[in-house]
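Residue numbers (this note's numbering), protein chains in the order written: chain A, 114 to 313; chain B, 114 to 313.
Just so you know, these hints were derived from the structure itself, not from any lab.
As the structure is a prediction and not an experimental result, all values here were calculated from the model.
Don't be surprised by glycine CBs; every beta carbon is placed ideally from N, CA and C.
Please note: incorrect hints may appear among the correct ones.
[Unchecked claim] Here are the simulated lysine to aspartate or glutamate pairs, DMTMM-like style, with alpha carbons at most 20 angstroms apart: (1) B:K282 <-> A:E308; (2) A:K282 <-> B:E235; (3) A:K282 <-> B:E294.
[Claimed, not checked] Residues from chain B that face chain A, not an exhaustive set, calculated with beta carbons under 8 angstroms: (4) L129; (5) I157; (6) A197; (7) R216; (8) V239.
[Stated by the list, open to error] Stretch by stretch, here's where chain A covers chain B in the computed footprint (C-beta under 8 angstroms, at least three residues): (9) 222-232; (10) 257-264; (11) 267-280.
Protein chains: 2
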Amino acid sequence: MPSDVTLALGGPAQDLLFREARTANSFTDEPVSDDTMRAIYELIKYAPTSFNGQPLRVLLIRSHESRMRLVRNMSGPNQAKTHAAPLVALLAADLEFHETLPRLLPHLPGAVDMLADSAIREEAAVFNGAMQLSYFILGVRAAGLAAGPMIGFDEDAINKEFFGDGGHKVIAVVNIGKPGENAWHPRSPRLAYDEVFTVV
Amino acid sequence: MPSDVTLALGGPAQDLLFREARTANSFTDEPVSDDTMRAIYELIKYAPTSFNGQPLRVLLIRSHESRMRLVRNMSGPNQAKTHAAPLVALLAADLEFHETLPRLLPHLPGAVDMLADSAIREEAAVFNGAMQLSYFILGVRAAGLAAGPMIGFDEDAINKEFFGDGGHKVIAVVNIGKPGENAWHPRSPRLAYDEVFTVV
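Here chain A stands alone, though its shape is the one from the complex (with noise of 0.2 angstroms):
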């Protein structure tokens, strides 16, 4: 059953960011600039995080070398689309982003010493950085760009390869770019309204 409630976004923003929108599994050559992934920062910096920790650390991954060291450590059926997509960021979440709170949330200073446990920390850490990942993606659409969100990968391996000093974890890898040849499968079914929502 359809709602009759016509939303405030637009028809073409609504299909841009989430209908016609899909995960890319191939791109074209085009590449994607540093200035591009900055106009996407500078739009998805002020969706919410708790505490406004904002614990997500994105690198972009440019060299030859950098891309060889991350698709060795991505798994099977994602060392192929790794390889080829003309630009992947690694997110990850900071695990110390407790240190920044001061600066980020300063009328609440009492909030540094609820993280003070690294596990408590860490699970916010990563909590929070899912959600800057979705914001991220939905960024990557904005730009009029398909994303490619991986989490099948050897995390361990990664986090030493790319983060040694042990302070990050990283949550997702991301292909993006211009969506190439055959770049959907059929979309996959959803959750009805009601299987979601209940009233109580």
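Keeping the supplied structure of chain A fixed, place chain B upon it in accordance with the hints.
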């Protein structure tokens, strides 16, 4: 340094979802209908989750009794906000979401087995639930409403009170409505692009 790149998403949509939207702390009395929530879901359901798992479940707190059961388990400063909001949504991750995968991911029948371990499954449920929380917040904004997401509550008590089966984990409580008077705190700082992005 601002970017020279113009995004495909139009300026009004950028403002609605990111730039002018803010986490609201007070709301008008105007109600938010189930039909509006349905319209929001029919848009955001298309955004991606890993394995297309869609673990998010939402309780719309409509009855006075449900509201009271929730309010008393919110942390101090969140109680009044949760009491007053026109609509309160309790967002949870379904820890048994893998049971739906044969329907949601028909082309990858092995995915269910990869989630057989309950600890791995909980991690995946919460991670993807956090991703869907972001889509939900942006969906509320797409409807011209403001969201007030909160994580300050007694998690164990809410899990027991609303999901006695132990198969769900609350991840956020979100107040929803038209922003009221003095709805916003001043915007807290965001990290600069060069603090978040590194080219390697």
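- Against the earlier hints, flag every one the structure doesn't satisfy and list their numbers going up. 3, 6, 9, 11
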